[in-house]
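Protein chains in written order, with this note's numbering: chain A, 1 to 664; chain B, 1001 to 1089.
Honestly, the hints are just simulated from the structure, not real lab data. Check before you lean on any hint, since a few could be wrong.
Distance condition first, Cα-Cα at most 20 Å in a straight line; then the derived EDC-like pairs of lysine to aspartate or glutamate [unchecked claim]:
| id | chain 1 | residue 1 | chain 2 | residue 2 |
| --- | --- | --- | --- | --- |
| 1 | B | K1028 | A | D245 |
| 2 | A | K246 | A | D440 |
| 3 | B | K1029 | A | D409 |
| 4 | A | K412 | B | D1027 |
| 5 | B | K1029 | A | D281 |
| 6 | A | K67 | B | D1027 |
| 7 | B | K1028 | A | D440 |
| 8 | A | K246 | B | D1027 |
| 9 | A | K384 | A | D403 |
| 10 | B | K1029 | A | E221 |
| 11 | B | K1006 | A | D440 |
| 12 | A | K230 | B | E1030 |
| 13 | A | K294 | A | E314 |
| 14 | A | K304 | A | D240 |
| 15 | B | K1029 | A | D440 |
| 16 | B | K1059 | A | D440 |
Among chain B residues calculated to face chain A with C-beta under 7 Å, some are [as the list claims (entries may be wrong)]:
| id | residue |
| --- | --- |
| 17 | G1011 |
| 18 | H1021 |
| 19 | G1034 |
Ideal Cβ placement from N, Cα and C applies to all residues, glycine included.
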Amino acid sequence: MTQLVIISIYLMLLLFLGLFSSKLFRGTSKDYMLASHSIGPFMLLMSLFGTTMTAFALVGSTGESFKEGAGVYGLLASSSGIIHSLCFFVLGVKLWDLGRKNGYTTQIQYFRDRLESDKIGILLFPILVGLVIPYLLIGVMASGTVINSITEGAFETAFADYDYGVPPWLASLVICIVVLVYVFFGGMRGTAMANTAQTMVFMVLGLITFIIISNKLGGLEKATQNVVDKNPSKMMRVVDPQDQDKYEDSFAKWKTLAYYNYATRIKGLKLTDEQIKAGMDAFPVAGPAGYLKKTRGPAVFAAKNGLIDLTLEEKNKALLLQDDRITANEAEGEIEDLPTEEELKNEDFEEWHRRGGADAVGLEIFQAQVGHPNDTMPGKPELKKWTRKKARGVYRATSWAPDSPRPMDPWKFLTYFFVPLSVGMFPHLFQHWLTAKSADSFKLAVVAHPIFIMIVWVPCVLLGVWMTSADIIPAHFPPNAVLPAAVKALTTPFVAGLLSAGILAAIMSSLDSQFLCVGTMFTTDIVTHYRKKSEFTDKQLIVIARTFIVAIVALTYFFSLFEPRRVFTLGVWCFSGFSSLFPLIFASLYWKKLTKAGAYAAILAAGGSWLYMFAESNWAANPHYTIFGVMPVALMVAATTVAMIVVSLVTKPPSDETLKKFFK
Amino acid sequence: MNKNGKFIVIGLVILLIILHHDVWNWDKKEPVMGFMPVALLWQALISIGAGITWYIATKIAWPVFDDDEVAVATESVTDATSEVSEGGE
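With the hints as constraints, model all of the structure from the sequences given.
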């Protein structure tokens, strides 16, 4: 309950800040959308940084390094330090200058003018808003996960299905409403103020979390040494032989279990009570609630005594069934694309999408253990009841195939460099750039951004790596919940509440800018563009912007109710979409020969390639998707660039008047 | 803006990109200072290098805009006027 109270107080403080900033509101739509170009260096730095660092930076980086190891920092953090500032420098400052001279508020206004095309806005608007939605989704989804994890057991009887904590759907809804309220009251000024405050909150609280958790783990050196001893591959970007041996051993044991379960469930094998008892007695490890002894003991007994007799096809079906990639009914029929020459390997399983909620079986199996997390087990006062999450987690860890250790591919690592280019095309950053008081306001943001990224990401990545070996978080644990789970397990309720507020601060400091931006785009690029601005009062425009924001937030919230994806994976797909449009914005500023047709070709190539590859990755369900061994974003950027250059070179160049306006 | 500033900054950025692709650290397991994975430390240093590069960029390659030029011109005129006034006294 303490955590819930602290989070509630924090949210109320934010609402108060929104109300306070509304006192400074000048009542014009320009002030609402661009804070009347009055944002100085410090606030610009904090709002640009807070906007860029979302759930992706805290929740995503910790979860991803838990899965993939310390190399995650190099994938996105250090490259972002170079590329983000590069974008502020080569695009931001120039766009700010053009924006203040020509009175732009949105990217689309700029593109319409620069490309001498009105209809380009109609093409770009749905693409940009469509790409902002998954970005919003990351924040909305993560806020639900964080609040639910951290408030487990807060209620005595309510929300039993959500481990007596705030349900993720309710938590996400509250966060959306709070952000909407302070964005509505304060506009861009309120957003920039809230961003500044929240960025400081999450940076300070993030460092405090790191210090507390490292102390709890026995200090920095001990925490890292644990990883070196138990999971050395997480320290580097190749697979350590020790991890490979450990994996092969556990995978072989898991296969025995899969064959046995298939033989008993599908082929009718039945061990006698004596055989089952003998198997269980001979199995050395009991596991949680004695589950390993019950399941693996008889399997090992049957395998050792030659009682399992399966064909290659049956063995492959057994593996897919055990990993919940197919159902028992499907296992009895024909399975498409099943290899006939060799056994499936772990990495082949991704071809069969695991159905959502497959781990709910854990709730049935461990029904007796599940209850209120503050209650004790009957007859065992030293043991607490399990949460539903734990029941599902134990099922996943004991039933699904062990994760195979993966090296980091150097080509994949190299082509990740294209992902941070997205910053150049984020519509909300464009809007933030235009709030700057002067070009010099950008200097602090350009210089400090890489350092700030380091301050936030290094502790998160270290924490994720440590969690692989701290015996707190089991295998197959949802990556999005690693950070809140670590915070809850290793700190006091009071500190956990404060730290959760810090995580939420990071999430909300991105949501607010995005909310404001989609509203601005709708009023500026659609409403006042196609109807005379004089038909509307400033107040009416603000109401229209707010209505559109609510519609987009409602749509995002609706998507968040479906099966969650890895925050990191979803983030990378969203950023890749924006990155694929980077060549367009860059060429528009530095290449006189860019034509209207070239821009259309670029947008279509970007949208088409993004959509095709996103669908191929099973809508981000496959976190390891690459194409020709490189990140999809590299091919998207290449496709956009080629289409733009080729078409521009063979079509009519822009008028001299336009070139004079945009090039000195 | 320094005449060569742009090229110095481009050179530094290319250097950072090359150093970022640290395949020579790929298989280093032992932590530095007892706790820091090499894969993380090297890349954190790249972040610091990026901060320094961008600091240099703001000093030697920062673009000048019309208004800045106007501001500089106004300041020069003001300075010149003051000097004349001081001389006149």
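Hint check results:
For the suggested pair K1028/B and D245/A, the alpha carbons sit about 19 Å apart, so the restraint of at most 20 Å is met. In summary, the hint linking K246/A to D440/A is not supported, as the alpha carbons are separated by about 55 Å, beyond the 20 Å threshold. Between K1029/B and D409/A the CA atoms are separated by roughly 17 Å; this keeps the pair inside 20 Å, and the hint holds. Between K412/A and D1027/B the CA atoms are separated by roughly 16 Å; this keeps the pair inside 20 Å, and the hint holds.
Only pairs whose Cα atoms come within 20 Å are accepted, and K1029/B paired with D281/A is rejected, the gap being roughly 40 Å. Between the alpha carbons of K67/A and D1027/B the distance comes to roughly 17 Å, so the proposed pair stays at or under 20 Å and holds. Distance hint between K1028/B and D440/A is unfulfilled; the C-alpha atoms sit about 42 Å from each other, more than 20 Å. Of the pairs offered as hints, the one joining K246/A and D1027/B holds, with about 18 Å between alpha carbons and a cut-off of 20 Å not exceeded.
Proximity of K384/A to D403/A is assessed by CA-CA distance (about 28 Å); at most 20 Å being required, the pair is judged violated. Under the criterion of a C-alpha separation no larger than 20 Å, the hint pairing K1029/B with E221/A is consistent with the structure, at around 14 Å. Under the criterion of a C-alpha separation no larger than 20 Å, the hint pairing K1006/B with D440/A is consistent with the structure, at around 17 Å. The hinted pair formed by K230/A and E1030/B meets the criterion: a straight-line CA distance of about 13 Å does not exceed 20 Å.
With a C-alpha separation of about 23 Å, the suggested pair K294/A and E314/A falls outside the 20 Å cut-off, and the hint is violated. A C-alpha spacing of about 30 Å is found between K304/A and D240/A, which places the hinted pair above 20 Å, so the restraint is violated. Taking the CA atoms of K1029/B and D440/A, the gap is about 43 Å. The hint is violated against a cut of 20 Å. Between K1059/B and D440/A, the direct Cα distance comes to roughly 11 Å. Compliance with the 20 Å bound is thereby established for this hinted pair.
Interface hint at G1011/B: violated, since its Cβ lies 13 Å from the closest Cβ of chain A, which is beyond the 7 Å cut-off. Checking H1021/B against chain A by beta carbon gives a least distance of about 6 Å; that is within 7 Å, so the hint holds. Satisfaction of the interface hint for G1034/B is found here, the shortest Cβ-Cβ separation to chain A being roughly 4 Å, below the 7 Å cut-off.
This entry does not satisfy hints 2, 5, 7, 9, 13, 14, 15 and 17, going by the numbered hints stated previously.
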